[in-house]
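Participant: Below are the chains, spelled out letter by letter.
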Amino acid sequence: MDSAFVGFVSVWPTVALIGLMAPVAVLFLFSRGGMVVLLNLGLAFGVAASLSVALLNSGEAAAARDGAIAVAVFFVTALCVGAIVVSGKSLSAAAATQLAAASGLGRSNAVMPSEFAEASVAGSNGTMIDIDLYKRTEAALRERESELFQLVDMIPSHVWRLTPDGEPAFFNKRMVEYLGVDVGGMAKTGVTRLEVLLGFVHPEDATEFKDALNRSIQTGGPFSLRYRLRRSDGAYRWMSTRAEPLRDGSGRILQWFGLCHDIDDQMRLYSELEEREARIRRLVDSDIIGIVIWDLDGRIIDANDSFLLTVGYDREDLQAGLRWYDMTPPEWQAEHTRYEAEELKGTGKMQPREKEFFRKDGTRVPVLIGAACFEGQSSQGVAYILDLSERKRAEAALRDRESELAQLVDMLPVYIRRLTPEGEPVFFNKRLTDFIGVGLMDIRATEASRLAPAIDDFVHPDEAAQVMGTLRRAVTTGEDYIMRYRMRGADGVYRWIETRAEPLRNQDGTIAQWYSVSLDIDDEVRAQAALRERERELSQLVDIVPVHIRRLTPEGDPVFFNKRLIDFLGMAVADLDRMGLERPAAAMQALVHPDDLPHVREVVRQSLAAGEPYAMKYRIRRADGSYRWVDGRAEPVRDESGAISQWYSVSFDIDDQVHAQEALRERERLLGQMVESLPALIFCAAPNGEPTYRSRQLQEFLGFNVNDRVAPDGSRLTGTLDFVIHPDDLATVKEQYAHSLSTGEPYALRHRLRRADGEYRWVETRAAPMRNANGEIVQWNAICLDIEDQVRAQDELRLAREKMARASQAASLAELSASIAHEINQPLAAVVANSYACRRWLTLEPPNLDRAQKTVERIIRDANSASDVVNGIRALFKSSTDARVSTTVAHIIADAADLMAEEARRHRVRMNVEVEPEMPVMTLDRVQLQQVLINLMRNGMEAMEAGADPKLISVRAFKRGAVIQVNVRDQGSGVASPDKIFDPFFTTKKDGMGMGLAVCRSIVESHGGKLSVESNEGGGATFVFTLPIGLKQ
Amino acid sequence: MTSISDQIVFIVDDDPRVREALAELLQAHGVRSVTYASAGEYMRADKPDLPASLILDVELPDINGLELQNQVAGAYHPPIIFITGHGDIPSSVRAIKRGAIDFLTKPFSDDALLTAVSAALKQDRDARRERDEIALLQRRYDTLTPRERQVLPLVVSGLLNKQAAAELGVSEVMLQVHRRNVMQKMTVTSLADLVRVAEKLQIPIVHSRRGARDDR
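Top line first, the protein sequences correspond to chains A and B. The first sequence maps to residues 1 to 1033 in our numbering. The second sequence maps to residues 10001 to 10216 in our numbering.
Calculated directly from the structure, the hints in this document are not laboratory data. The reader is advised that the hints may include incorrect statements.
Just some of the chain B residues that point at chain A, by a computed CB distance under 7 Å [as the list claims (entries may be wrong)]:
| no. | residue |
| --- | --- |
| 1 | ASP10015 |
| 2 | ARG10017 |
| 3 | ALA10028 |
| 4 | GLY10085 |
| 5 | ILE10089 |
| 6 | LYS10106 |
| 7 | PRO10107 |
| 8 | ASP10110 |
| 9 | GLY10169 |
Covered stretches of chain A (in silico footprint by chain B; criterion: 3 or more residues with CB under 8 Å from a CB of chain B, positions within the stretch not fixed) [claimed, not checked]:
| no. | region |
| --- | --- |
| 10 | 829-837 |
| 11 | 846-859 |
No residue lacks a Cβ here, since even glycine has one placed at the ideal position from N, Cα and C.
Next up, chain A with everything else stripped away, as it sits in the complex:
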């Protein structure tokens, strides 16, 4: 398009030239082909005109104007030429034909696209006029020379003639007038006329002129050039020169004829037009808008790159042929074909409208399109297409942003209001209306204002007046404001909000709107209130807790004492300063107990240096002067960089505690000592039975300590038990122990325990659990009592009892006799029976001698055993002195008392034994004398059987001269016949045989003593027996 336009625009001078030249042709051809030429002229004119119209329409008024001028000039020139032609000159047929042909050729310098072939008739820059004809008709022309001279001088062009070597030979009148000098005047010595002529050429163009001319002269090619030629008045004007050689029949150049036309105006016009063209081209080239030359039949004749870009086609496609229709979406096609075409036809224009086109790739592009027909016709025109994609995108983006913004306004958790400059609310955002539960427009209005009602209805009464005042002031002064007040929500609850408002001003500074934004600070306000409260509580706490609290600088200087500490020390931080104790060292010196001072100093120093917390106990002087133990701890507080910002120190009075601990320790020590000194074997065990502690005595007893005996399974308990418990008792001990451990029942068991020397001793182990406050067992405490002696004594007792029983049995004659009888009768009965049997066997027919023999043997056997029985009984009663031992009556009495203890208890009889100390050792039959005592005691108990409690038997033994006397006294029924009771078989008892006392007397008498009885005053009897001390056997 550009080149076309270049062609078109640059055609002006050409057109003008042609306009001038053409008449020359016309001049020659009028008689023949003049009409053709005129037609061409007309066509050229038409194009020019329409172009100017187009330009006009496109707003290039200046260019159009110039164009019009050019056209006018052209037209006038044509008319002039025509007039000249009409004056009668005609041309030879041949020349006319030639020229017609030549003009018909009309080729321009500018490249014209083929599409424009039809309109390009006259569009040529360098029309070549074939002057061959001229040459051929030279002779004829000469005749017309004078006419021509006239013509030549008349035409408003410079005509000149050069010699074949380029010397100017003729200037026409116009030229002479222009130059201000004739050809002849150019003759100067030493300089060619050409050179002189060249001097008239503008220095900038001279070189080119000279070169071109020389070239032409040498080559014989046509000369054409534009250059500036100096006018007589010194001004340079643009000229367009065409020169061609006149050749003779052989082709030799005879003359050069040239035409020089003032194209200065055209050039100016051209340059102006060029400028304008450039400007228009700018529009076309700038790609800010698509420009298209269209044909109503649907062809796109030309388009700029911008358009091609918009629709996605390239130049090749354009050249191949683009059609509107293909690019128009179906929905637009009807309109395009109908309405647009109508409009164009009707008005010559198509008002801008939005449409869509199909791109080459099939996508749609929104466009704004406007068109205008070329002047005077409606089948072709120009159109501009503005790619609205961006705009549409922008529009869409804008809409989005708009909606975003609206959303934002409603979504932000703030209340947004807009007020008029007078303060009238005109907009509440959604948040606000949701909060208050009422839309803005639903708020009642008083005197067409909602402001006051809004405040009345929604602002807390306490703040309402202030709010109104602030608003009014703002409206008046235009100052922004911040205020806090309570606003009532839809639920009726008031919440604190903070409102800020700013005016939006117009350009002139007046307020266009008020914008106010409110934030719900209710939680904040409450939180702050709570915080303040907590702060208050906290500081209260600091002063109330029964702890001394200090705050120190990083260097350790005190800066804060809590109330407790102040009361304790009797001074505050300020007092420290006053007393010159502001340095920690001095303070310490004054307040810390001298004995603790070095340690405290050192600890504090280390702590401060290392930034490490400390904890220590020391004594500090109280206000009353006494020293109290305190437990002091301090910890540093660090800031973000890790540096210590301050020290917090806490100490509490542990004086009482310390003293209590000391007392406790002392008690513990005493307790431990006590435990160790007890004559018992004490040990402690863990709840699982593992021994944890043994008293020293136990350790010595066992010969090892708690950790010394470990079983293979690692249990010290098992190890110990296995080692120290008698094998026979081990199972029972383990079982009982396990039972106690699991059930928590106290443990008590008698068993044998191995002493360090290897001997087993009977012990009674008793263990009891110790429980904590929850009732859980924390420890077992046990004691082992050595009961060896006891056990032995019990054993002896048992044995003695058994012996006694046997002896008693033996002493009981009734039983004795029965048993004797029985014992003897049995063998005797067997003997007798066997005897009878023997007799029988012998008296049988025949006698059974074998059986008889057998029976006899049995007789012998059984008789002997009967004899044995007798002997045995006798032995039982034999008072052999071999049974006598050295002992004292005290022992015998004690044994008898022990043996009778159980019986006495059963009879509810108390036994009182008084034995004189230092009884002499005598040789006595212990068993027999025991029996005597027992018999006497028993008798006494039986005598008191029927009596009332208290029943008392008292046994007294004492020295009396050469004898020991033993009294056995009862409170019973007494003895009726004191003499007779010692007789054998005398008894007052219901089922007795009466042998007891007789036997007793015989025993006593066998010892050399006497046994007698006395009645007591107050009831009862006293049996008395004596034993001579000096009895020795």
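Fit chain B to the given chain A structure using the hints.
Facilitator: Relative to the frame of chain A, chain B by itself:
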């Protein structure tokens, strides 16, 4: 003393010499015996079901002889002969009162023993015989129908057939039929025999003519 093989004497004495000797003596007289060392042993043992007697020592280790006598008192038991190493009168009196055959003190004469044994065995034989007889009678009685059982006491009480029938509410003919059946089943041929059988079986005599009037 006839040595009858189908009799046995149990000897219970804790003294083996005595046991041995007594067994020897009895054997010499052709009397079979079995010895036991204690009352418990005797009680637990399986004893042959023969006419028997028991020679029982009073002084026994577990329970004494007198106590054993008490324990077996309720049911049938062979007659007991007590022996003792030392007898006291109250014990012996008690023993005899409770049915012992004799109470002998050791040593005793063979005569005394054998006499007692003989008497005991005889007693036992008689008792067993009697027992068997009664058992037999009882078995026979068990075959009687209820009606017949009703008839029996009436008949033996001396009622006339007519009266008996009236008592039962049956015809005299029926009664006679029943009576005949009873006699047949009880294998007696005369009324007198039937009466004896009834006495043996201890069937209560009811509805005697005399009693009917007196019993009101």
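Participant: None of the hints should be skipped; say for each whether it holds.
Facilitator: Now for the hints, and whether the structure bears them out:
1. ASP10015: holds, 4 Å
2. ARG10017: At 4 Å from the nearest chain A Cβ, B:ARG10017 passes the 7 Å test, so the hint holds.
3. ALA10028: It holds, given that the least Cβ distance between B:ALA10028 and chain A is near 4 Å, below 7 Å.
4. GLY10085: holds, 4 Å
5. ILE10089: Hint violated; B:ILE10089 Cβ to chain A Cβ min 14 Å, cut 7 Å.
6. LYS10106: Holds - the Cβ of B:LYS10106 comes within 7 Å of chain A, reaching about 3 Å at its closest.
7. PRO10107: Constraint on B:PRO10107 satisfied, holds at 3 Å.
8. ASP10110: holds, 3 Å
9. GLY10169: For B:GLY10169, the interface hint is violated, since the closest Cβ of chain A sits about 68 Å away, which is over 7 Å.
10. 829-837: Per the Cβ count (8), the hint holds.
11. 846-859: Per the Cβ count (5), the hint holds.
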